[in-house]
Amino acid sequence: MAAGLLSRLFTPKRPIAKNIEIGIGVTVAMSLFVAWCLLTYTGLVSASFLPAPDAVGAAFVEKLSDGSLLRHTRISLYEIYTGFFLSSLIAVPLGIFMGSFRIVAATIEPIVNFMRYLPVTALIPLLILWIGIGFEEKVAVIFLGVFFQQIVLIADVSAQVHEDLFKASYTLGATRRQVVTRVLVPATMPGVMDTLRITMGWAWTFLVVAELVASSSGLGYMILQAMRGLHPATIFVGILVIGFLGLVTDLAFKYAKALLLPWTTVR
Amino acid sequence: MGRVSIEQVSLEFRTRRTGTIVALDSLSFEVPDKQFAVIVGPSGCGKSSLLTLVAGLNETTSGYCKVDGRTVSGPGADRGMVFQSYSLFPWLTVRKNVEFGPSLRNLSARERIERARHYVDAVGLGDFEDAYPVQLSGGMQQRVALARVLANDPEVLLMDEPFGALDNQTRTHMQGLLLGIWEREQKTVLFVTHDIDEALFLGDVVYVMSARPGRIIDTIDVGLARPRRYDIVTSDSFVDYKRRIMARLHSEVEKTMNVMPL
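Residue numbers (my numbering), protein chains in the order written: chain W, 1 to 267; chain R, 1 to 262.
These are calculated hints, taken from the structure and not from any lab test. Among the clues, some could well be false.
[Said to hold, decoys possible] No farther apart than 27 Å at their CA atoms in a straight line, the calculated lysine-lysine pairs in the DSSO-like style are these:
#, chain 1, residue 1, chain 2, residue 2
1, W, K257, R, K255
2, R, K187, R, K96
3, W, K254, R, K96
4, W, K254, W, K18
5, R, K242, R, K255
Just chain R, same shape as in the assembly (with noise of 0.2 Å):
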């Protein structure tokens, strides 16, 4: 299970030199398990700091983040993430970064790589099992951050824009590829990008957010078919959505535009 609510969540920082910020102002919704959800909006509107509240990696001001009913308190493996940057770990293998999470817990080590040796072949890179992450390019990385999280079994999936570095080439295999691996395995994704083409392109919903502080405006229950295909952006139902959602940011934006940055 991996049902994951959001109840009246703030953030707040505290800066010396602009005071209060709030971050996030009281949101609420509810994640239903197996569900894809996506979260979009401007730059700067809390959305990647609201995933590091569900992963646990940050407290919340006021309001909690639950996950099937347990209050997050602190990080777990319950919560896979995968982080826009290439956080692997440079001295491993891609193997043994895949190796990583289970080799945490007392699993014995014919079936840690076993669980390996399946999620480095489910992103495709088998012949890449002994390469270092340096060899790879900034896609394959990915995919192995990819891997390394589904090895350990999490319950929620947290992506924060992880192809947002990648070509669009590469982006656009990469989400074929998730969405491949999510058909299969039927897990919670709680996904972050400021991609509307990727959030319609990926999601069961679609939270569309606003510039700081950050709400929640407009929520899109995505109609389209699954299994999805990657000519589906072309589709008039696909433009419909994607022309409420830029409507809907687009002053968002430009309010952005007008503040000054943290």
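Just chain W, with the same shape it has in the complex (with noise of 0.2 Å):
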């Protein structure tokens, strides 16, 4: 029987039982946790080094009542919201295009090409020098992050449209216009909205760089400023609420994808 369970959970691609795949997150999770609450409790890490759970609680506390952990949080989200906006719009009619008209491919893959490769940290002094260290200088950065990735990928989302979905609409009357509005873009939306999810991960690390770099607010400058003052438990709270936020956000992607495409999840 053990062995017969043992042998369904290693089968490649076999689904498991729900309340087992539950189990297994939460037990992970405890004991992580558990792991944590025993090298600091012991004393076998030091508190400098590791702070105990109830350091971290007191420290989110702390933060929370004066008003500065909500403060940067909002700074942070408003920054990295703004940058991945103006990006996304951009970039998914650009990517679309590129993808599927070789004249704009022609046109922007080189440039495009050249900048993907450039990893945006480089960028930050440049930045810095031309437009400070401000709100403007972030969203450039998450700006400057995503937007080449992101067009790389949906441009590849756009080719791999079949062109038998362009041929079965133009023998039933669609103009070239049509076939871009009526099939090429919302054959593409799972694919937009996939790249989306990925880049919403790296921008919250263009974010929190650029706020390490140079910055005066943020969830990034509320570590950096513990860093300084030897609060390694608010170092914790702030990278717990920056992965919380990304679970937060992660989640809302997917179930934006089920609402707003129902046609990738039935069955």
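Build the complex from these two chains, which are given one at a time in their own frames, with help from the hints.
Now the structure itself:
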């Protein structure tokens, strides 16, 4: 029986019971937490290196009650959503055209591929010189960080749309414009949603890097200040908040896809 | 009206590796209005290419395809096409897929919905109106594709091995369904297949094509009475026609086996 269960669990792609799946997830998370408690409360690791859970909890309550955590979070969210929104607004249509129109690809592909391999972190000093260390600079870093990646990923999605769909619509009387608006665009939507979801994760990375390099607010700044003041508990608060926000955003994308594109989830 | 004329149509491909390949070599024939014409030939003989030329999705190297005397210069709603792959729009429900063609023109919403409902019912999918293509079997998807083309009321129906990917029972069922609809709708059909039984069961006339370069090597006026039942394939006259086509195709298939594929 036990051998039967094990062989079932380790058969590739075989579905497993929902409660086993949840059980495994909870067990792993609990184990990590228990390990954390063991390492800190037994004094195995010093508190200035790894703070105990209650110290992190206390730092969280403190930062929450003096309003600074919410302020930094709000600023970070504002920066990331602005940069991400502006980038997506241009990258989605441009990527769709780049993947399906050779002329658009010929025009912008050389620039895109050059910029794509240029780490945006290398541009941060230049951006600071040009536009300072405020809100606009963070938006610019996020924009440049995700824009060229988005455009390439979405161009690929667009190029993968099967030509038979176009042929079928032409023989149903569609004009070229109708083929673009009624076939190409809806056909790319699942891939576009996936691309947005992936690049949103990258946007968080670029945001925190930009805030660590030069900033006067935001979660990255809060973490950096905590390091300078030797408050590892506050660093952990910052990391946990960023992780939590990332998780919530990812779930939001997942539900948005199921809601907006029901045909991708029905069976 | 839907008279299709193929006049001295040739099609050549140029590739760097193999040079010029003649896919179709000055083909000529005429399909009168409301006729069910079938083209049968070995794979790679260019029979599907011929359909894309009539559809206007590709250009002839020389010669003309004409519909009612008008030269084909591009795709149009007067020539509906059903493809072998299920070319349904996955983001649209069955009903919305069938409404697609009518919705491109300025038809009133009521007329559009009525047309869609009529043809969804005609292919027996009334209970699946709101399903998405991924929820349907291959045979059901092909029935939607057929309904989608019919809802557009084309003069000519171009069918490119539409039942080729289906299992035997489903294919037989689909052939019967198609004949029933064709007898009611009275449209010109140009149907491409490599299946001799399918060609004879469906067609008024069967054109047998040679291996590359594609030429018409035999024309068979199928004198089987309509309406045809599935068991007609066991009748003596059916078997005689089949023997004749098999003999013609046998040497052609041999030829293609000795030719480098494209």
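Consistency of the hints with the structure:
Distance hint between W/K257 and R/K255 is unfulfilled; the C-alpha atoms sit about 52 Å from each other, more than 27 Å. Between R/K187 and R/K96 the CA atoms are separated by roughly 24 Å; this keeps the pair inside 27 Å, and the hint holds. A C-alpha spacing of about 25 Å is found between W/K254 and R/K96, which places the hinted pair at or below 27 Å, so the restraint holds. Among the hinted pairs, W/K254 with W/K18 is consistent with the structure: their alpha-carbon atoms are about 18 Å apart, no more than 27 Å.
Under the criterion of a C-alpha separation no larger than 27 Å, the hint pairing R/K242 with R/K255 is consistent with the structure, at around 20 Å.
Consistency with the previously given hints fails for number 1 only.
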